[in-house]
Amino acid sequence: MFDRKSGVDRKSGRTTRRTILQGTAAAGALLAAPAIVRAQAAKLKVGLLLPKSGYLAAPGQSCHRGAIVAPKVLSDFGMQIELIDIDTESNVDVARTQAERAINEGAHCIVGPFDSGAALSIAQVCEQRKVPFVINVAAAPQITEQGYQFLVRNFPTGGQLVGNGLGLIKSLLTTTKAAPKTAVFLHANDTFGTAQRGAMDALFPKADLPFKLLESIAYDPKAQDLSVEVTKVRALNPDLLLVVTRAADAIKLVRDMVRQRFEPMGIVSPGSPGLYDEEFYQALGPLADFAVYNIPWANPNANMTKALAAAYAPANPKHRFAVECFNVGFTFEALLIAADGFKRAGTTEGTALMKAIRETNIEDHVMIGGPIKFNEKGQNTGIVSACVQNQDRTPTVVLPEAAATAKPVFPMPPWQGRK
Amino acid sequence: MTVDVIQHASGDDAERTRMVWFAGIVVGLLALVPLIASRYALSVLILVFYFAYVGQAWNIMMGFAGQLSLGHALYIGIGAYVPALLWLHLGMSPILGLFAGMAAAMLIAAAIGWLGFRFGIEGVYFALLTIAFSEVARVAVDHIPFAGGAGGLFLPVPAANKATVLNLDGGPLLYYYITLAMAVAATALVAWLARSRHGYIWRAIREDPQAAETLGINLFSAKMRAILLSAAMTSVAGVVNAFYYRNLFPAQSFDMSRSLELILAPIIGGLGTVLGPVVGAFILTPAGEALIAVTHRMGLNAPGTKGVIYGLILMAMICLKPEGVWPWIARKLRLGDRA
Amino acid sequence: MNIGLLLNVAVQGLTTGLVYGLMALGLSVIFGVVRIVNFAHGEFAVVGMYAAFLLFQAFGLDPIYAAIPIAGLFFLIGFALQKVVINPFVGRPEHEQFILLVAVAMIILNLLLMAFGPDGRPINLSYALDSYLVGPLIIDKVRLISSAAALVMSLGLFAFFRLTATGTAIRACTDNLTGAAVVGLDVKTLYAYTCGIGLACVGAAGAMMITIVDVAPTLAPGYTLLAFTIVIIGGLGSLTGALVGGVLIGVSEALMGYYFQPSMKSMFSFLLLILVLAVRPQGLMGTRQ
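Chains as they are written, first to last, in this note's numbering: chain A, 1 to 419; chain B, 1001 to 1339; chain C, 2001 to 2289.
In short, the hints are calculated from the structure, not lab data.
There may be inaccurate statements among the hints.
Simulated crosslink set (BS3-like; lysine-lysine; CA at most 27 Å straight-line) [as the list claims (entries may be wrong)]:
| # | chain 1 | residue 1 | chain 2 | residue 2 |
| --- | --- | --- | --- | --- |
| 1 | A | K45 | A | K419 |
| 2 | A | K377 | B | K1321 |
| 3 | A | K306 | A | K318 |
| 4 | C | K2083 | A | K419 |
| 5 | B | K1332 | A | K130 |
| 6 | A | K306 | A | K72 |
| 7 | A | K177 | A | K407 |
| 8 | A | K206 | A | K377 |
| 9 | B | K1321 | C | K2188 |
| 10 | A | K181 | A | K45 |
| 11 | A | K419 | A | K177 |
| 12 | A | K72 | A | K43 |
| 13 | A | K72 | A | K377 |
| 14 | A | K355 | B | K1162 |
| 15 | A | K170 | A | K212 |
| 16 | C | K2141 | B | K1321 |
| 17 | A | K181 | A | K212 |
| 18 | A | K373 | A | K130 |
Some, not all, of what chain A presents toward chain C, calculated at C-beta under 7 Å [unchecked claim]:
| # | residue |
| --- | --- |
| 19 | T174 |
| 20 | F262 |
| 21 | R393 |
| 22 | T394 |
Quantities reported herein were computed from a predicted structural model and do not represent experimental measurements.
For each residue, glycine too, the CB sits at the ideal point set by N, CA and C.
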């Protein structure tokens, strides 16, 4: 296969003028390396970039647990991939350099990186080297607004998450006939939390919910202690506490709520992780129950979910698929998108592979919702959320009814006397 | 202070000439590297030059004037945010914007320097003062909406036909030469400073402030010059952060770990020497990459291995060559690097 | 303004602050005497937390009691660390000590990541969620216990430095190093004792901390920074200073968090640090050198 158009020797990654000045250079007349013949590979080599160490290590390793079982599961569905497994160390410099290395090592496609900053660093490398980049998790809306051609994202933006989440809160209240009058929104002041806050500010007034939003409170995710935050919320005494947290903060939050004897009708996340990590259950036991979070979730009835769950269990004996299926599911689906694209394109050549990936239309996949498809910006706009509730220390889908495995319990029972 | 790499500052002209030749040849070769190197190698070298550059800037303050700053991420952050915002909101070229960033960094450096040097805050206390300013900046930028706040600042990637060097749009090759030029310029500046009156004054106050003062040196003004120059130089590195990666987050830009990683190269290389920070960067960054490659080849899935080995290397180096690797190499090669 | 609420916030700040002070005591001891910038402080505290976690897992040992064997173990670690690794660096430039301890911190942090993984590890104490109602006040049991531990530990340290011969000798080193060496004190061994005692405090503090916070490797750098801030505000080498610094930060963060955005509260502790450095660089309870 010749790559005459770009004049870029992609296999060795040698640089040409194109990379100095995208486009303005009359392609590669000066430094053009001879185009080379690339062998047709039987397997797609995927550079898997995840933060396995550093401050994002916990979710990064969770994604990784899903990725390592993917080649086997995909192979059972007739798709062949091979992973080049790389740690971004939760650092954007490393993410960028390692993306270059992955492509030098022969990666035909990049999957990752759980983090918006790293995603944008990698996106530039992929764009310049014409290697498809499938994002597993990263919510900053800007990622698909920058005009990248070699990028798709099978993950909702902050706005989509909150929009879906608020809709589900409404259904939850309708279903359970609960009538909270007031709410407080408490969020971590980090990239994800701020994106959610922006979406709340924009969408809540239009969402026509039956309760009033008293105040939005931001806390520093690096804070050692959340007792004052809880006191502040408690003084407002809302019926409903809406939260955007990470696992460690969520635990501190619930503990201080119990200690300060603050019992709202419920703790509901309009679309964030934090309330369903294994450490949340281990730390809080029965107190972890009845928290509600409206996020995309694995469809327990789908064939591919069953296959993934079956492969996941023996490979990760210390972790539960039911708990990890958000990170694991999206990481698996990103690999699925790459593998499916490769199968249809029949080539590992970047431009053709990307074209196939952009035309993705996968009916049978893991997460709840319709087929995986991308719009002209590379964003999957069809991702839906489910209303998931902790019941018996297990995330349980309670809405929409089609995917539900149990009924919602709302308002939540008091802290005292739980088992 | 007992940093006595300057002991052999006997003005050996032959060694100095050899040194200049040596440096010239190395730079000439580096300029040709992109002809043969892969993009991955280039992106590693960009990091090497980047750390050599900020190492030089930090070296002026610590290596020469003896002021320990652990908050240089602050200047990088300002140097990144100011040009990025000017470009984003006013369309100003980062090449102009960097001067605005520089001015802002110097303003804050002046405040830190004034507080620190006027009130006699020294050593670890001064280091904590710099950290405190950096942390305050982190939380403050977290709450500035037009700078993106905690959500981050994203620089759009221009369409291919609108990309210009004036806006620093480009890939590794462009940034290879930008960072190389920055590192070479900083090294040349430091080499000149080391032999200038400023250099002598700084070293005098580093070695013995009281004696320097009795000689009629104005300690406050000399230290101020060091911090202002160091901050101004460091802020330029911010432009690379902003326009090479094209996204900025306060939690990353101003994080203490950023300040810490940039001081490793000058200390390991040789504090207060001209080429120490460069040598340090050429050792540490590739060492990190080599560790990644080795653990990857061994198929080791144990995140943290690299960090442990990297820590052991640092420990071994500071125990075996506390004055830095470069003074030792320079003596072996009979290259004069007086500081 | 609701006085009850204000009092509640102040009491929370006070107990949290004493816990912070507990964290910083060990640093104050080492920093104050050996003059070593222990940038691995937070990492050692987290090791203490994991030690308490393991003892709880294996024997169901309450961290309050586990603090005692952990302190003993940490004394030995500190003694050995000072003798073998740090002593050659005493009196050397700060940046060399700094790199040494940053390297130690990096090794410990990544070893913890490899051994325990990145997820937070809780221990489930039966009384972890208990709180006392005193009029309008709500006081957490675990924070109260840790605050008491902070007071007991500083009293113990105070007694040690005043009443024992070793303690007096260590103080002599702090006050006049040359003089101490002249009268024949084995300064290096005294430093090893000091480092041992300092780390024993860190280990015990770690054991107490796990009753409040779930242990994870990522906690460490934050603890280091927090402890340094407290020690500098309170005054280098001053035991009461560590507690006062901790309380000052705890209370001011609580009040600021309550009256302003909580996400800005850590900014106030750093502004406080800047203020103290400018006005009273030796720290609130410190003495001019």
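Quick rundown of the hints versus the structure:
1. Among the hinted pairs, K45/A with K419/A is inconsistent with the structure: their alpha-carbon atoms are about 48 Å apart, more than 27 Å.
2. The suggested pairing of K377/A with K1321/B is violated, with an alpha-carbon distance near 54 Å, which exceeds 27 Å.
3. Only pairs whose Cα atoms come within 27 Å are accepted, and K306/A paired with K318/A is accepted, the gap being roughly 19 Å.
4. In summary, the hint linking K2083/C to K419/A is not supported, as the alpha carbons are separated by about 52 Å, beyond the 27 Å threshold.
5. A distance of roughly 47 Å separates the Cα atoms of K1332/B and K130/A; the hinted pair therefore is violated under the 27 Å criterion.
6. With a C-alpha separation of about 14 Å, the suggested pair K306/A and K72/A falls inside the 27 Å cut-off, and the hint holds.
7. Under the criterion of a C-alpha separation no larger than 27 Å, the hint pairing K177/A with K407/A is consistent with the structure, at around 13 Å.
8. With a C-alpha separation of about 26 Å, the suggested pair K206/A and K377/A falls inside the 27 Å cut-off, and the hint holds.
9. Only pairs whose Cα atoms come within 27 Å are accepted, and K1321/B paired with K2188/C is accepted, the gap being roughly 22 Å.
10. Our distance criterion of 27 Å between C-alpha atoms is broken by K181/A and K45/A, whose separation comes to about 53 Å.
11. Only pairs whose Cα atoms come within 27 Å are accepted, and K419/A paired with K177/A is accepted, the gap being roughly 25 Å.
12. For the hint linking K72/A to K43/A, the alpha-carbon distance of about 13 Å falls within 27 Å, and the restraint holds.
13. Restraint check for K72/A and K377/A: the C-alpha separation of about 31 Å exceeds 27 Å, so the hint is violated.
14. A distance of roughly 24 Å separates the Cα atoms of K355/A and K1162/B; the hinted pair therefore holds under the 27 Å criterion.
15. For the given pair, K170/A sits about 13 Å from K212/A by alpha-carbon distance, which is consistent with the 27 Å threshold.
16. As the CA atoms of K2141/C and K1321/B are separated by approximately 51 Å, the hinted pair breaks the 27 Å bound.
17. Distance restraint check for K181/A and K212/A: the Cα-Cα separation of roughly 6 Å lies within the 27 Å cut-off, and the hinted pair is therefore satisfied.
18. Pair hint K373/A plus K130/A holds up; C-alpha atoms about 21 Å apart against a cutoff of 27 Å.
19. Contact between T174/A and chain C, as hinted, is not supported at the beta carbon level, the nearest pair being about 33 Å apart and thus beyond 7 Å.
20. For the restraint placing F262/A at the interface with chain C, the shortest Cβ-Cβ distance is roughly 10 Å, beyond the 7 Å limit, so the hint is violated.
21. At a threshold of 7 Å, the smallest CB-CB gap from R393/A to chain C is about 13 Å, leaving the interface hint violated.
22. Violation of the interface hint for T394/A is found here, the shortest Cβ-Cβ separation to chain C being roughly 17 Å, above the 7 Å cut-off.
Checked against the numbered hints given earlier, the structure breaks hints 1, 2, 4, 5, 10, 13, 16, 19, 20, 21, 22 and satisfies all the rest.
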